[in-house]
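Whole structure, please, built from the sequences with the hints as guidance.
Residue-level listing of the chains:
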Amino acid sequence: MAPPGDDDGNRPERGVDRRRVLQLLMGGSTAVLAGMAAAPVASYLRPLALPEAEAVAAIDDSLGLWEARQVVVAGRPVLVVRTNEGVRAFSAICTHLGCVVKWRKGRREFFCPCHGARFDAEGRVRGGPAPRSLARLEVSEEPGAIVVRKT
Amino acid sequence: MSRSRRLWQSLDRRTGLGTSIRRFAAYRVPADTGKPVSLGAVLVFALLLQLATGMLLLFHFVPDPSGAFESVRALMRDVPYGWLIRLAHAHGASFLVAIAFVHLFHAAFRGSYKDPREAVWWSGCVLFLAILASALTGYILPWSQTSFWATTVVTASLSYLPFVGQSATEWVRGGEWVGDATYRRAFAAHVALLPLALVAGVAVHLAWVRRVGLAGRPGRRADAEGPAPIPVWPRVALRAALACGVFAMALVASVVFAPNLFFPVEHALPADPFDTPLNVKPEWYFLWAYALPRFMPERLALIVQAGLLLALFALPLVDRSPRRHPRDRPYLTTVLIGVVLAFVALTIAGARA
Ligand code: FES
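Protein chains in written order, with my numbering: chain A, 1 to 151; chain B, 1001 to 1353.
Just so you know, not all the hints are guaranteed correct.
In the DSSO-like style, the derived pairs of lysine-lysine whose C-alpha atoms are separated by at most 27 Å in a straight line are [as the list claims (entries may be wrong)]:
hint : chain 1 : residue 1 : chain 2 : residue 2
1    : B       : K1035     : B       : K1114
2    : A       : K105      : A       : K150
3    : A       : K102      : B       : K1281
4    : B       : K1281     : A       : K105
5    : A       : K102      : A       : K150
Label-pair restraints from in silico Cβ distances [unchecked claim]:
hint : chain 1 : residue 1 : chain 2 : residue 2 : range
6    : B       : L1336     : A       : G86       : 53 to 61 Å
7    : B       : N1260     : A       : R108      : 34 to 42 Å
8    : B       : V1340     : A       : E141      : 54 to 62 Å
9    : B       : P1234     : A       : A42       : 26 to 34 Å
10   : B       : G1067     : A       : E52       : 25 to 33 Å
No wet-lab data here; the hints were simulated from the structure. Quick reminder that beta carbons are idealized off the backbone N, C-alpha and C, glycines included.
Now the structure itself:
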């Protein structure tokens, strides 16, 4: 349909104007509505914080020199190892891409099965692609037990 | 007029079914177009097969980390023909990815992405990524050792992205670590989001192919006229059907004679978040990405992958000359051959590592 008042010199332009405003209004409100719908969806998909798991673990103190044992602290694997300087506890999560490292008694090092990262008994990188040392946890020797704590 | 004929005609009058079939059969394509049509047809066929087998799997599969592994085992052992459905789905995924690779490179070598087919190319790229995403998320669902650790490694590699790294990893995992939330994300994507996207994407891709026409074999000169177009029926359609038949036979043969073709032994062990097995490897089509960090720092490997992705989409914008024949675009052809060779070499390196 022709815009009203096509015969008039001024009014068609106003018709175009009006159409433009309407278009902007429609586009704008669609965008606002889409945004209003997207915001809750984005929050909905955000990762949820998990309840804190038990952050203390204990093993009996029968751990021999250069031996290691795996315990679970705060839901994650931790390796407790007795070195000649005392007992140490490290997160067993490889700092490269998150695989679980294993203790190799013969070589006195932690070894990652995924891409071969190696860490010495102090958790420092010895070789392979790992960018950082293994995370260290607090460990204390109590009568009859070794206690590991995540602080 | 026979009764069945009358029935058909009355149906046709109301639905236009026969007319659409006739119109499709008469649709003209370049006479020398052969392989891409067949490859495309096989892709559609393979995708439909994945949808069908996937839906059937849902009747027995328990989509939860606590029950998934056991339910897959039961499916393989106790459910009649469960092994067939499950292996057809798992092997079918590998076949689908392989054929998608060929389809993509074929289009690239032929320059089928040039004006006016850029949108077809882009829709194809999106489909390709959706297929890879389906394969990746599907690999998680049996919740085996390889599922768990491949997912851990892949999601952790995102943490090397500049600035957003850590939050990207956590967003994909649905939490700090790979676990139940990760599983549910993968499941939702694999059985709802991605299949819908794929079906819609294929519809769009084909509609656009139909609109701009198939490219056909490139001539040495831009204006070279190919042979006169021919209707889809019978030659093109039959050749496509034959290709689908060959595909189906290859799939069944691999399922029956090499059921473990695509599974490492660790895939037969349930996920254990406290013990990483040796030899955690992704499926063959991600081995190249798995091998990349062996030759360069993690960050650079990510940048290379992002660059490849960008290049994939940018191809029609970079190479804009109307010439399509590989020998008329020596640089691009060399680069493409280089990419294929690098892909093969990295895949071998990844498999050997
Ligand atoms: S995850 Fe340990 S070396 Fe890569």
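Evaluation of the provided hints:
1. B:K1035 / B:K1114: holds (18 Å)
2. A:K105 / A:K150: holds (25 Å)
3. A:K102 / B:K1281: Answer holds: K102 of chain A to K1281 of chain B is near 18 Å, not above 27 Å.
4. B:K1281 / A:K105: holds (26 Å)
5. A:K102 / A:K150: holds (20 Å)
6. B:L1336 / A:G86: 53 to 61 Å: holds (59 Å)
7. B:N1260 / A:R108: 34 to 42 Å: holds (38 Å)
8. B:V1340 / A:E141: 54 to 62 Å: Holds: the Cβ-Cβ distance is about 59 Å, inside 54 to 62 Å.
9. B:P1234 / A:A42: 26 to 34 Å: violated (52 Å)
10. B:G1067 / A:E52: 25 to 33 Å: holds (26 Å)
In the structure shown, a violation is registered for the earlier hint numbered 9 alone.
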